[in-house]
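Asker: Protein chains in written order, with my numbering: chain A, 1 to 345; chain B, 1 to 345.
Hints are computed from structural coordinates only; laboratory data are not their basis.
Any given hint could turn out to be false.
Stated by the list, open to error - Beta-carbon label-pair distances, calculated as ranges:
no., chain 1, residue 1, chain 2, residue 2, range
1, A, Gly163, B, Tyr276, 41 to 49 Å
2, A, Thr73, B, Asp217, 43 to 51 Å
3, A, Pro132, B, Gly233, 44 to 52 Å
4, A, Gln200, B, Gly225, 40 to 48 Å
Stated by the list, open to error - Computed far set for chain B versus chain A, every beta-carbon distance over 12 Å:
no., residue
5, Ala93
6, Leu99
7, Gly225
8, Gly233
9, Thr260
10, Gly262
All C-beta atoms, glycine included, are put in the ideal place defined by N, C-alpha and C.
Protein chains: 2
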Amino acid sequence: MKATVLNDIGDIRLIDVPDPVIRDPTDAIVRVRLAAVCGSDLWPYRGREEFRPGDRMGHEWIGTVEETGPEVTRLRHGDLVLAPFAFADGVCAACRGGLPTSCRRGGFWGGAHDGGQAEALRVPFADATLLPVRAAVDDALLGRLLPLTDVMATGHHAVVLAGVPRGGSVVVIGDGAVGLCAVLAARRAGAERILAVGRQPDRAELARHFGATAVFDGRAADTAGRIIEQTGGGAAHVAECVGGQSALDLAMAVTRPGGTIGSVGVPNGVDRVDLYRLFRSNIALRAGVAPARAYLDVLAADVLAGALDPSPVLTAAFPLTDIADAYRAMDRRRTVKAVVRPDGS
Amino acid sequence: MKATVLNDIGDIRLIDVPDPVIRDPTDAIVRVRLAAVCGSDLWPYRGREEFRPGDRMGHEWIGTVEETGPEVTRLRHGDLVLAPFAFADGVCAACRGGLPTSCRRGGFWGGAHDGGQAEALRVPFADATLLPVRAAVDDALLGRLLPLTDVMATGHHAVVLAGVPRGGSVVVIGDGAVGLCAVLAARRAGAERILAVGRQPDRAELARHFGATAVFDGRAADTAGRIIEQTGGGAAHVAECVGGQSALDLAMAVTRPGGTIGSVGVPNGVDRVDLYRLFRSNIALRAGVAPARAYLDVLAADVLAGALDPSPVLTAAFPLTDIADAYRAMDRRRTVKAVVRPDGS
Chain A
1 MKATVLNDIG DIRLIDVPDP VIRDPTDAIV RVRLAAVCGS DLWPYRGREE FRPGDRMGHE
61 WIGTVEETGP EVTRLRHGDL VLAPFAFADG VCAACRGGLP TSCRRGGFWG GAHDGGQAEA
121 LRVPFADATL LPVRAAVDDA LLGRLLPLTD VMATGHHAVV LAGVPRGGSV VVIGDGAVGL
181 CAVLAARRAG AERILAVGRQ PDRAELARHF GATAVFDGRA ADTAGRIIEQ TGGGAAHVAE
241 CVGGQSALDL AMAVTRPGGT IGSVGVPNGV DRVDLYRLFR SNIALRAGVA PARAYLDVLA
301 ADVLAGALDP SPVLTAAFPL TDIADAYRAM DRRRTVKAVV RPDGS
Chain B
1 MKATVLNDIG DIRLIDVPDP VIRDPTDAIV RVRLAAVCGS DLWPYRGREE FRPGDRMGHE
61 WIGTVEETGP EVTRLRHGDL VLAPFAFADG VCAACRGGLP TSCRRGGFWG GAHDGGQAEA
121 LRVPFADATL LPVRAAVDDA LLGRLLPLTD VMATGHHAVV LAGVPRGGSV VVIGDGAVGL
181 CAVLAARRAG AERILAVGRQ PDRAELARHF GATAVFDGRA ADTAGRIIEQ TGGGAAHVAE
241 CVGGQSALDL AMAVTRPGGT IGSVGVPNGV DRVDLYRLFR SNIALRAGVA PARAYLDVLA
301 ADVLAGALDP SPVLTAAFPL TDIADAYRAM DRRRTVKAVV RPDGS
């Protein structure tokens, strides 16, 4: 079958690999219907995160169950399944405590594991990892569900970590897919004021569509001052959805005393966390990789009920054979998020 | 009158200064009964924190009201008063929100303001800042109340920030007065297991007296591993009561995924906060200067009821005239906490 690997910095390739097979009795083999390129895929692609040449790529995907191991009981051939970006055993203390991303037997798609930017994958702990969706799913619904596998779950986590209350205000930093989804998650959580900070003018419209009540230019020198002014001294809830130094610095600057920062961007190049600033103003810093599996059921239910639609973050589509073009489009910020279809449609 | 100033690094002096006078109608003049030297006083004393030569010193003190401005209504001449380490106006959004340490019109004792290691002080916003104690107070009770002005309130804050639940477990890092008080605060909060980490063998006994169920040597190489083992994978609640790099690193190492670090030591020399560690394991870092005034009433009520006694942290006493000796004893770790008495008793 075909699978995407990172061969070198900036060098994404679709290569032939052996078909995945059941290894453990809890495995399933899943054929990929739709996958996406994530902003975090760009870190190793740009050489800003370590990788081994040949690492499999892709952790956002939806597929159809093709085969199940003898201990898989909740899934059957032909099921459409949503996968979170991490697999987990579902039975350990971390999983039972709602933190499947801290499961010691779990892991992330890609690298030495199978990746989602491929024709198929072997899924460990399939019963615990996958959410079957037993509804009529057309292409449009597939697009609404795909973001739940990572960016929508992560945006939701930012809002959870920041403790955004119904009727409250939140500052969302970042206009990547996660930041935009955090805006949507904040609206879903009932926030009345959603102040979004981005760098790309064309994404402001999408932020507003998702519920942002004001959009600020993250590159303008006075952005922090304007947000502090408009929030009467800083925001009580700030969602940091980038993971870079300037985004964190802005989050620290606009959080009011006693406020909370929910930080969900994968930290990259962050070498300064001003502990004294946190200390002086009693600011809580709650960083975390989203326990996406723990959110999948409720978010999928909202999508199926027509109450949630993050699909506008999917702004370009490619056949899997053009995966290198999909990366290039993301890298050059020509698209918010690119999807790839193994069937080439 | 006599007041303590920091003349140079390691050079503490008791000098003659003008008597304090009422400047604003909300001021009070308070004569000091008992004051203490704080671990944080040692930072400038050791040259590890900026100061201006001649800065007044001392932010832990109890006194008697001598004079009140025309707008002071809750205090009268002769009242015994507890002061938190920071004054605040009591009416702003921060004060009303329970964060008097973020009051913009407030400040900390010492520096350009009057300090507590003196015969008397001018107290701004006296009604809001001071807690009158209208009970018969002998010397022993004075010693039980004094730690509430800073170290006991700060230890309590660590337990609040770390979210220690009744019946839960907590790791307390630091065997200074704040760490020891955090142990006491954890017991007061109903923690069942209190794992204390210190460096001084003679303080382990005091930690146990305050409620520690186990005491670890912070300098031993395997301390983190032993704590992780004894907590079944790390602690859900960690109180960091030092403010130094190694204490923070230890806190990060022993916190379990999804856990919370309450950090109350004044950050000093902390230049690495591993954001990726927080992110990867969904650890909340809640640092904060204690809003001591917000805790004073309830802690003082416990002391007066005989339910709380932090006075064992006061391990040495000096007349105010020997303030330089008190600093030296603290600096050389010959005492946990030194008190000074302006009346020389």
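Asker: Now tell me if each hint is right for this structure.
Answerer: Hint check:
{"no.": "1", "hint": "A:Gly163 x B:Tyr276: 41 to 49 Å", "verdict": "violated (22 Å)"}
{"no.": "2", "hint": "A:Thr73 x B:Asp217: 43 to 51 Å", "verdict": "holds (49 Å)"}
{"no.": "3", "hint": "A:Pro132 x B:Gly233: 44 to 52 Å", "verdict": "violated (31 Å)"}
{"no.": "4", "hint": "A:Gln200 x B:Gly225: 40 to 48 Å", "verdict": "holds (46 Å)"}
{"no.": "5", "hint": "Ala93", "verdict": "violated (7 Å)"}
{"no.": "6", "hint": "Leu99", "verdict": "violated (5 Å)"}
{"no.": "7", "hint": "Gly225", "verdict": "holds (16 Å)"}
{"no.": "8", "hint": "Gly233", "verdict": "violated (7 Å)"}
{"no.": "9", "hint": "Thr260", "verdict": "violated (9 Å)"}
{"no.": "10", "hint": "Gly262", "verdict": "violated (10 Å)"}
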